Amino acid sequence: MAANHLNMFDVKKIRDDFPILNQQVNKKPLVYFDNGATTQKPSSVANEVLAYYLNKNSNIHRGVHYLSAQATLDYENARETVRSFINAKNSDEIIFTSGATSSLNLLAFSFGEKFISPGDEIIVTEMEHHANIVPWQMLCGRKNAKLKVIPFDNNGLLLLERLPELISEKTRLISVIHTSNVLGTVNPIKEIINTARRHNIAVCVDAAQSVQHLPIDVQELDCDFLVFSGHKVYGPTGIGVIYGKEKWLEQLPPWQGGGDMVDEVSFDKTTYNQLPFKFEAGTTNYIGAAGLAKALEYLSNTGLDKIHRYEQSLTEYAMKKFKEIDGLNVFGNVSGKACIFSFIIDGVHPLDTGMVLDKMGIAVRTGTHCAQPVMQHFGVDGMVRASLAFYNTTEEIDYLCQGIDQVKKMFL
Amino acid sequence: MAANHLNMFDVKKIRDDFPILNQQVNKKPLVYFDNGATTQKPSSVANEVLAYYLNKNSNIHRGVHYLSAQATLDYENARETVRSFINAKNSDEIIFTSGATSSLNLLAFSFGEKFISPGDEIIVTEMEHHANIVPWQMLCGRKNAKLKVIPFDNNGLLLLERLPELISEKTRLISVIHTSNVLGTVNPIKEIINTARRHNIAVCVDAAQSVQHLPIDVQELDCDFLVFSGHKVYGPTGIGVIYGKEKWLEQLPPWQGGGDMVDEVSFDKTTYNQLPFKFEAGTTNYIGAAGLAKALEYLSNTGLDKIHRYEQSLTEYAMKKFKEIDGLNVFGNVSGKACIFSFIIDGVHPLDTGMVLDKMGIAVRTGTHCAQPVMQHFGVDGMVRASLAFYNTTEEIDYLCQGIDQVKKMFL
Amino acid sequence: MAALQQVQEEIIAEFVVFDDWMDRYNYLIELSKQLDIIDPRYKTNDYIIKGCQSKVWLNAEYNENKVVYSADSDAIITKGIISLLVRVLSKRSPKEIIDADLFFIDAIGLRENLSPTRANGLLAMVKQMKLYAIAYNAKFGNR
Amino acid sequence: MAALQQVQEEIIAEFVVFDDWMDRYNYLIELSKQLDIIDPRYKTNDYIIKGCQSKVWLNAEYNENKVVYSADSDAIITKGIISLLVRVLSKRSPKEIIDADLFFIDAIGLRENLSPTRANGLLAMVKQMKLYAIAYNAKFGNR
Ligand SMILES: Cc1ncc(COP(=O)(O)O)c(C=O)c1O
Ligand SMILES: Cc1ncc(COP(=O)(O)O)c(C=O)c1O
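Read top to bottom, the protein sequences are chains A, B, C and D. According to our numbering, the first sequence is numbered sequentially starting from 1. According to our numbering, the second sequence is numbered sequentially starting from 1. According to our numbering, the third sequence is numbered sequentially starting from 1. According to our numbering, the fourth sequence is numbered sequentially starting from 1.
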């Protein structure tokens with residue numbers, strides 16, 4: 001079955017859309033397995049950004065002149081593209097930020113200012129990325145609130161049965177990573193949201209590692225907030241998104257102050273603009289937004305379902321291959337996991353592994369992957385992570401396996 | 001003399017570096033006079049960004065693989081380019097943000113958390129952009145502090161003699177716009193800083209409209225903080241800078257939490273990374289930073305001094321021309337003003353003016369220019385603003401004057 | 001009274017003769033002068049439409065099962081555009097207004113004024129006119 | 001003892017024979033085994049160099065007007081690189097160390113390890129070695 005989906009997907013054709021993949025690194029063909037850190041961009045994204053530089057650039061909003069009006073249209077169309085991509089109810093619920101990290105900081109500040117009082121509680125999981133830990137810790141520090149943690153087991157499975165006992169009258173928000181950037185685990189957010197609903201608790205989904213891998217429908221999920229980054233969904237850097245239900249966004253105070261987010265400004269009194277502008281202070285990254293729209297269109301045209309199935313096949317293929325390698329520890333083996341593989345070769349430092357693979361042309365990431373609690377869970381200092389995308393192939397996985405053998409030969 | 005500098009500057013050659021300028025809008029040659037909102041990009045910036053998409057893209061920091069190491073080098077070199085551009089003492093004092101607005105919000109939050117207590121005072125000017133008003137108002141709201149305002153006269157001159165009486169024992173910070181985005185006034189920030197020094201008050205300079213027009217040396221100025229935006233200095237959108245003296249940045253708490261800005265993270269205790277990383281949470285806009293570096297290199301190669309002299313000549317030329325037009329009110333006529341011209345034609349709504357000029361191919365901005373207090377000062381709802389750059393010409397100014405005549409003919 | 005469709009086609013025919021933007025604008029300036037003067041008591045903040053760079057005041061009354069609009073603006077071209085909207089939509093049934101497809105805007109080259117940018121506020125204007133119709137429809141409903 | 005310059009040239013000569021990266025790394029692995037074992041009491045957090053993805057411990061002692069380094073790392077290639085640094089810089093006067101231009105790093109193709117990225121920390125390593133030299137120079141100064 002896996003093989004079937006592998007064949008049905010024309011990855012050769014896909015790769016033609018990503019010119020960067022067709023290069024040599026250290027005199028070896030590049031095998032780009034660092035997609036968890038950032039993804040490569042299809043030509044359509046590069047072309048759109050270039051078009052801005054060559055003939056479309058102009059600041060948006062309030063501009064009466066032609067270029068400004070066109071750029072404004074592009075920007076609002078990009079918002080609509082994002083809305084449709086995650087099936088939000090209306091485009092006012094889509095706020096452009098500079099990335100998932102900014103989105104979470106926006107939420108922690110604005111939600112915190114309005115709804116968090118001393119003694120209140122926020123719940124995250126043990127497998128969060130730092131971006132979904134530190135803003136909440138900072139908020140808890142400011143407001144004297146408490147951060148609680150849903151643990152996971154050694155397979156990388158969230159211990160959901162612990163959630164009820166973690167929830168109290170004081171719980172205001174649960175912010176949870178959808179797909180773990182280390183373990184690949186796809187968490188059962190629908191279940192978490194259902195539980196939260198019964199207690200009237202808001203739920204934020206960190207979808208930074210999921211929107212690019214599987215179809216997401218925020219209305220079906222019924223999440224209150226959802227965040228992701230442009231550069232991880234094949235789009236530009238410096239652009240991100242926070243989705244929020246209108247009823248929430250209407251209530252939250254703004255995060256950043258500046259131009260465009262205001263209605264009337266005087267030194268006596270300032271009133272804020274309506275949604276979504278209230279949360280978009282200053283000149284937004286409108287070129288980034290236009291590029292992001294192209295990236296999402298590319299994904300939609302390719303089909304998130306198809307992408308998901310192909311990537312699942314890659315995962316099955318890789319996990320099977322990895323099992324055959326002696327002394328290879330892969331962290332996270334929950335079924336249905338994303339094509340993210342963090343591992344340690346027994347007795348070899350992740351940095352040594354990464355440096356050798358690099359010289360073979362394989363780009364992997366090493367270290368803590370901005371998820372130190374996950375490292376602490378397994379009692380390690382770091383891991384090697386190969387994170388794949390739909391332009392990767394089984395041949396590349398085979399080559400990684402050869403690379404691992406080479407590392408073992410050198411260090412053991 | 002003016003004519004001299006006009007001739008000495010090869011604007012034809014400069015324009016070749018900005019392909020976007022060579023186009024028709026509404027069937028007329030584009031006259032881009034909206035540089036205060038955003039500037040156009042030289043080819044070197046476009047090429048660098050494109051190079052990222054085509055063969056350099058990779059997330060920075062901690063990456064051991066080739067592409068990541070190269071991108072990291074580029075990013076830190078960009079930081080060094082910014083340092084040298086404003087002559088900061090060391091590159092740790094350069095923090096990349098997503099724009100001037102973010103820079104000011106960072107400062108308002110971090111400075112506010114550490115140094116602002118109830119009753120404390122912050123001073124700005126009456127001619128600030130909203131980005132340098134609203135974050136302070138929000139801070140004052142949170143901390144019960146007070147915002148005080150240095151007024152300006154009808155010429156657009158800051159009433160500096162008022163500053164001593166505004167300063168009190170409670171004054172913690174003066175944040176002042178260097179060049180007004182409406183009036184073009186270049187404020188005497190050196191004098192303000194000297195006064196502030198005597199009272200041990202920190203000074204932040206909003207250089208969003210000045211770094212692109214005149215050479216700035218933060219050590220000579222001795223300012224404590226300085227902010228600007230990439231897209232207004234011929235660079236990409238979604239990237240900005242805050243400079244801060246090391247002694248300040250060391251003391252300030254971080255603003256956003258997330259990856260890379262931390263040292264150690266656990267649910268019990270999180271410690272922060274050293275400068276400049278402490279203030280750069282998550283994936284920064286590293287492609288934007290690389291593009292910004294190219295923009296600053298372009299400016300340095302062209303010569304900020306030369307640019308300044310040429311633009312001053314444009315200003316003299318324009319102001320002289322405007323004086324000859326009946327019923328034209330230009331706001332701001334302080335000597336040495338930047339090439340920013342806000343005006344109203346007696347009896348014609350700015351929007352009508354802007355819409356007609358647009359159809360002549362002239363891109364101007366209309367409205368309040370994110371500076372409603374300036375509008376309130378002059379008792380108007382809005383103005384038309386023509387903001388020039390060093391790729392603009394006297395011929396284009398002549399054409400604007402024809403445009404104004406045309407508007408008068410139509411509406412009066 | 002001519003059908004909504006027909007009025008729009010008349011407008012398009014009037015504009016089609018202009019191939020120059022200045023002529024189109026001059027015509028809108030002409031039209032702005034023909035807009036019935038709004039009762040001064042509606043020229044207050046309560047009747048102002050948010051999201052316009054110019055001030056736009058709008059009122060709607062219900063008369064013999066029809067919605068009757070009056071409006072004004074401090075910007076002339078905006079006022080000219082409003083006069084077209086009033087000409088097309090005023091004195092029609094709420095249902096007709098709610099269902100109206102205002103194709104003439106695009107056809108006479110004013111589409112960019114419909115963008116969600118707040119510069120011009122034509123979009124806000126149309127929205128507000130339809131909101132009035134919806135309100136009257138709810139109140140007096142069923143035609 | 002050979003001049004700092006000369007030792008670097010020796011190292012370059014040793015590396016020049018490898019045209020394959022794996023051979024270079026294999027050689028570094030060899031070298032890592034030759035690094036004198038650091039006294040375990042220096043393998044504590046106090047002696048760790050910040051900004052490395054691998055753990056790097058460094059100690060420096062002052063002996064007969066020379067700085068003597070000892071170091072260790074939990075990553076092998078890093079340890080191999082450290083052994084080169086120790087070979088070049090150890091048992092030299094503080095002055096010599098402070099002024100040292102470590103051109104061999106670039107020459108043997110390890111320059112990328114000097115980037116301010118924290119992955120490898122070679123830069124932090126060199127910095128720390130020089131800091132020790134500066135400190136001893138201040139303390140025992142004038143050669
Ligand atoms: C799960 C998760 N959340 C949040 C982030 C932060 O994204 P960014 O660095 O683009 O802000 C990442 C990126 O590594 C991530 O993997
Ligand atoms: C003086 C001044 N300060 C701050 C800003 C805000 O810059 P940005 O919108 O790029 O964040 C602007 C931009 O209009 C400005 O002119």
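Everything labelled a hint here was simulated from the structure, so no lab data went into it. Computed from a predicted model, the values in this text were never measured in an experiment. Each hint should be verified, as a subset may be incorrect.
To give an idea of the interface, some chain B residues facing chain A are shown, with a C-beta separation under 10 angstroms as derived from the structure [claimed, not checked]:
1) Gln40
2) Thr101
3) Asn105
4) Leu147
5) Thr237
6) Val262
7) Ser266
8) Thr284
9) Ile287
Ranges between beta-carbon positions, derived for each pair [said to hold, decoys possible]:
10) C:Arg111 to A:Arg142: 41 to 49 angstroms
11) B:Asn155 to A:Pro253: 32 to 40 angstroms
12) A:Gln402 to D:Lys33: 22 to 30 angstroms
13) B:Leu166 to C:Phe103: 53 to 61 angstroms
A virtual CB, placed ideally from N, CA and C, is assigned to each residue, including glycine.
Hint check:
Residue-level restraint check for glutamine 40 of chain B holds (minimum Cβ-Cβ distance to chain A is 6 angstroms; threshold 10 angstroms). At its closest, the beta carbon of threonine 101 of chain B sits 3 angstroms from a beta carbon of chain A; the interface hint therefore holds under the 10 angstroms criterion. For asparagine 105 of chain B, the interface hint holds, since its Cβ comes within 10 angstroms of a Cβ in chain A; the closest pair sits about 4 angstroms apart. The restraint placing leucine 147 of chain B at the interface with chain A holds, with a minimum CB-CB distance near 7 angstroms, inside the 10 angstroms limit.
At a threshold of 10 angstroms, the smallest CB-CB gap from threonine 237 of chain B to chain A is about 5 angstroms, leaving the interface hint in force. Proximity of valine 262 of chain B to chain A holds as hinted, the smallest CB-CB distance being about 6 angstroms (cut-off 10 angstroms). The beta carbon of serine 266 of chain B is positioned within 10 angstroms of a beta carbon in chain A (closest approach about 6 angstroms), and the interface hint is therefore held. A hinted interface residue such as threonine 284 of chain B counts as satisfied when its beta carbon comes closer than 10 angstroms to some beta carbon of chain A; here the least separation is about 8 angstroms, so the hint holds.
Evaluation of the isoleucine 287 of chain B hint against chain A yields a held restraint, the C-beta minimum of about 5 angstroms falling below 10 angstroms. Evaluation of the 41 to 49 angstroms hint for arginine 111 of chain C and arginine 142 of chain A yields a pass: the beta carbon distance comes to about 48 angstroms. The hint said 32 to 40 angstroms for the Cβ distance between asparagine 155 of chain B and proline 253 of chain A, and at roughly 38 angstroms that hint holds. With their beta carbons about 26 angstroms apart, glutamine 402 of chain A and lysine 33 of chain D fall inside the hinted range of 22 to 30 angstroms.
Against the hinted window of 53 to 61 angstroms, the Cβ-Cβ separation of leucine 166 of chain B and phenylalanine 103 of chain C comes to about 58 angstroms, which satisfies the hint.
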